[in-house]
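Number of protein chains: 2
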Amino acid sequence: MKKIYLDHAATTPVKESVIEEMQPFFSERFGNPSSVHRFGQEAVMAIDKARKKVAHFLGAKEREVGFTSSATEANNLSVLGAAGGGHVVTSSIEHSAVLNPCKMSSGSVTQVPVSSEGVLRVEDVLKEIRSDTTLVSVMYVNNEIGTVQPIAEIGKAIGEINKKRKKKILFHTDAVQAANYLSCDVSELSVDLLTLSGHKIYGPKGVGALYIREGVTVSPVMYGASHERGLHPGTENVPAIVGMGKAVEEIDFRKGEEVKRLRDKVIDEITSSISGVTLNGSREKRIPNNVNLAFEGVEGESLLISLDSEGIAVSTGSACASHSLSPSHVLLAIGLSDRMAHGSLRISLGNETTEEEVDHLISKLPPIIKRLREISGR
Amino acid sequence: MKKIYLDHAATTPVKESVIEEMQPFFSERFGNPSSVHRFGQEAVMAIDKARKKVAHFLGAKEREVGFTSSATEANNLSVLGAAGGGHVVTSSIEHSAVLNPCKMSSGSVTQVPVSSEGVLRVEDVLKEIRSDTTLVSVMYVNNEIGTVQPIAEIGKAIGEINKKRKKKILFHTDAVQAANYLSCDVSELSVDLLTLSGHKIYGPKGVGALYIREGVTVSPVMYGASHERGLHPGTENVPAIVGMGKAVEEIDFRKGEEVKRLRDKVIDEITSSISGVTLNGSREKRIPNNVNLAFEGVEGESLLISLDSEGIAVSTGSACASHSLSPSHVLLAIGLSDRMAHGSLRISLGNETTEEEVDHLISKLPPIIKRLREISGR
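Chains as they are written, first to last, in the working numbering: chain S, 13 to 390; chain X, 13 to 390.
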């Protein structure tokens with residue numbers, strides 16, 4: 013049975029060109045970047061080269077880019093290390109890697125609600141800003157419903173507010189789901205902190221990057237020898253950093269056009285061939301590779317398992333919450349009932365997804381839905 | 013010029029068998045272990061297999077082994093996550109990945125001094141234990157001078173003390189430098205927490221393991237989606253975990269015999285052919301692959317660079333502190349003067365180190381030392 017992977021929001025395969033770039037750093041150029049000798053200096057140069065690539069992608073200076081062990085670590089550094097115990101404004105649909113550090117933060121946190129389409133209104137963010145607000149953290153693209161948030165507009169508005177303030181409000185965005193298809197230029201977005209993940213952009217797992225605008229101080233969340241200027245202690249994961257640099261370098265936004273065409277085909281065909289299906293999130297303000305559909309009278313989990321037995325890999329909510337029985341906080345935030353949230357499915361396309369694969373999904377889905385509805389008697 | 017790597021305490025090359033084991037997990041079996049579908053379940057099984065191997069090595073239960081992004085993270089979890097704000101007893105020669113979290117801990121910390129040979133006395137540890145002590149953390153093998161600490165004896169003694177206490181004292185050991193050559197059986201050692209590192213045992217960078225005895229609670233240092241049972245949030249680094257499992261499986265203590273023979277040859281030949289050289293640390297209580305020598309009238313840094321220009325990679329202190337100008341805290345702790353500490357060199361052999369390589373070092377060193385002493389006029 014051919015396996016069809018349509019869960020690219022959970023993780024992506026590492027590209028061959030990325031694996032090739034990483035390869036020498038396992039057993040040939042394996043030095044510890046902290047070592048003074050040649051093996052160490054080779055590793056330092058490799059990291060610097062990767063840093064240059066990431067900085068170029070972000071329109072940032074090299075010294076503004078730090079590597080971490082994951083996007084989760086980058087988000088923790090942003091929330092726990094940069095908010096300084098002040099008030100944090102965030103959205104109700106953030107990833108748990110932002111929401112959970114917010115819960116642990118010593119300052120208070122305001123979650124701004126989103127529209128029924130899953131998009132944040134700039135004015136709703138601004139009206140929550142208080143005199144003690146130190147950080148605003150809003151994800152660029154939601155990982156479940158793929159909605160694109162107005163980051164540049166929020167950034168610009170915070171910039172205006174900061175003109176009248178002594179203590180500047182920092183603006184962070186988790187751009188993990190955006191980087192394949194949308195500009196992450198930090199000047200365009202007016203962000204102070206931005207998170208990237210290796211394994212969401214056809215690079216390796218075990219590496220993230222955090223952009224930190226010059227002059228912004230971030231306290232570490234772990235302590236040890238000073239690596240990445242104290243931000244991330246522990247020997248640098250050189251092959252993964254090299255791989256992340258290559259993956260970032262190879263990002264090609266033009267791929268989004270074909271992905272978007274296939275995405276729209278999936279949405280159109282499924283919503284027209286099956287009754288009682290609605291698209292979760294916005295149709296327009298949506299990342300090119302995300303489809304999220306609510307099926308009336310169907311358990312998302314059963315649907316996922318049925319599709320899996322046909323060799324098609326999709327997800328219900330986010331992969332990170334897949335073992336939770338409670339309905340997705342994102343779907344509840346856009347107004348879905350518990351029942352409809354439980355009946356939702358995320359289909360996330362990749363750059364290598366073919367029309368044939370998409371057609372296969374489109375043909376397999378109607379009989380599965382029919383059968384599941386018969387079983388549940390709905 | 014042939015390159016000779018004698019800095020295995022800083023990092024080790026990844027073995028070919030380990031790279032092979034990791035390979036499929038980059039682009040074929042690349043799933044996110046949190047995903048419910050087959051790609052995800054393949055990843056879960058791969059992690060479980062690796063966990064089984066590590067548990068077997070430690071004589072532990074599988075559920076007592078967690079994977080982290082580094083040994084530094086495992087040490088941070090042990091100190092910040094397990095001490096619970098109580099008093100911590102540690103040694104004066106710990107790695108900064110233990111000493112620095114200790115500094116950030118909300119409880120007080122006592123650093124126990126070591127003998128001039130760099131070995132901790134069990135009674136010196138015990139006498140620092142107070143009624144509010146919650147954690148004792150002592151490294152198994154020192155990363156600079158290779159001294160082996162009496163972990164089993166300390167563990168046993170703490171066990172005796174715990175019999176009379178309501179709130180048990182936890183015992184942690186950083187076994188990063190020990191695992192290639194010494195038993196890390198957690199029952200023999202009577203430890204509650206034990207840290208391993210992938211890249212010190214011919215496995216990959218970017219992965220560590222933490223043994224946590226059943227019943228012991230460790231709070232996370234980062235927050236996000238619950239992976240590794242909440243211990244380490246963020247998508248698991250599947251290839252690195254798989255590689256770590258394989259590396260642990262292939263540990264063969266018998267290799268220590270030949271390594272020890274070569275180590276002793278290095279020590280004997282250098283101390284007899286060059287005047288004013290002393291061995292730092294104990295001759296007997298020493299890991300098989302570590303040589304650490306103090307050269308009178310020589311700057312360790314100059315020596316390192318001279319050797320590097322001959323293609324021989326060694327280090328002064330630990331790699332992790334290599335960019336610091338202050339003398340090694342470990343060498344000062346065993347009573348060396350600033351000057352002698354600055355004149356020290358660490359030569360750490362590996363399992364693949366050959367007699368030819370060692371002979372090359374032995375022949376190159378005397379003329380270099382002679383020249384450096386002439387330059388400095390000492």
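Among the hints, erroneous ones may be present.
Treat identical chains as interchangeable: a pair holds within one or across any two.
Below, computed lysine-lysine pairings styled on DSS-like, alpha-carbon distance capped at 30 Å [to be verified]:
no.	residue 1	residue 2
1	K297	K61
2	K27	K61
3	K179	K115
4	K15	K376
5	K61	K179
6	K267	K175
7	K61	K14
8	K27	K176
9	K14	K139
10	K64	K178
11	K139	K176
12	K382	K179
13	K64	K15
14	K178	K15
15	K139	K27
16	K15	K61
17	K382	K73
18	K382	K168
19	K14	K267
20	K179	K267
21	K267	K139
In case anyone wonders, no lab produced these hints; they're calculated from the structure.
Against the structure, the hints:
Taking identical chains as interchangeable, the C-alpha atoms of K297 and K61 are never at most 30 Å apart, the minima being 34 Å within one chain and 42 Å between chains. Taking the shortest alpha-carbon separations for K27 and K61, both the intra-copy value of 19 Å and the inter-copy value of 25 Å come in at or below 30 Å. In this assembly of identical chains, the alpha carbons of K179 and K115 lie at most 30 Å apart whether taken from the same copy (23 Å) or from different copies (29 Å). When the C-alpha separation of K15 and K376 is checked against a cutoff of 30 Å, the pair qualifies only within one copy, where the shortest distance is 13 Å, while the shortest distance between copies is 58 Å.
Taking identical chains as interchangeable, the C-alpha atoms of K61 and K179 are never at most 30 Å apart, the minima being 34 Å within one chain and 51 Å between chains. In the homo-oligomer, the alpha carbons of K267 and K175 never lie at most 30 Å apart, since the shortest distance is 39 Å inside one protomer and 65 Å across protomers. In this homomeric assembly, K61 and K14 come within 30 Å of each other (Cα to Cα) only across copies, at 26 Å, whereas the closest approach inside a single copy is 38 Å. Proximity of K27 and K176 under a CA criterion of 30 Å is satisfied in neither setting, with 47 Å inside one chain copy and 58 Å between copies.
With identical chains, the CA atoms of K14 and K139 are never at most 30 Å apart, being 51 Å at best within one copy and 66 Å at best between copies. For a Cα distance limit of 30 Å, the shortest separation of K64 from K178 qualifies neither inside one copy, at 32 Å, nor across copies, at 55 Å. Taking identical chains as interchangeable, the C-alpha atoms of K139 and K176 lie at most 30 Å apart only when both belong to the same chain, with a minimum of 16 Å there against 58 Å between chains. When the C-alpha separation of K382 and K179 is checked against a cutoff of 30 Å, the pair qualifies neither within a copy, at 58 Å, nor between copies, at 59 Å.
In the homo-oligomer, the alpha carbons of K64 and K15 lie at most 30 Å apart only across protomers (28 Å), although the nearest pairing inside one protomer, at 36 Å, exceeds that limit. For the homomeric pair K178 and K15, neither the shortest alpha-carbon distance inside one copy (56 Å) nor that between copies (55 Å) is at most 30 Å. In this homomeric assembly, K139 and K27 never come within 30 Å of each other (Cα to Cα): the closest approach is 43 Å inside a single copy and 56 Å across copies. In the homo-oligomer, the alpha carbons of K15 and K61 lie at most 30 Å apart only across protomers (23 Å), although the nearest pairing inside one protomer, at 36 Å, exceeds that limit.
When the C-alpha separation of K382 and K73 is checked against a cutoff of 30 Å, the pair qualifies neither within a copy, at 54 Å, nor between copies, at 45 Å. With identical chains, the CA atoms of K382 and K168 are never at most 30 Å apart, being 48 Å at best within one copy and 64 Å at best between copies. Proximity of K14 to K267 under the C-alpha cut-off of 30 Å is restricted to the intra-copy arrangement: shortest distance 24 Å within a copy versus 45 Å between copies. Proximity of K179 and K267 under a CA criterion of 30 Å is satisfied in neither setting, with 41 Å inside one chain copy and 59 Å between copies.
For the identical chains of this complex, K267 and K139 are neighbours neither inside a copy (37 Å) nor across copies (66 Å), given an alpha-carbon limit of 30 Å.
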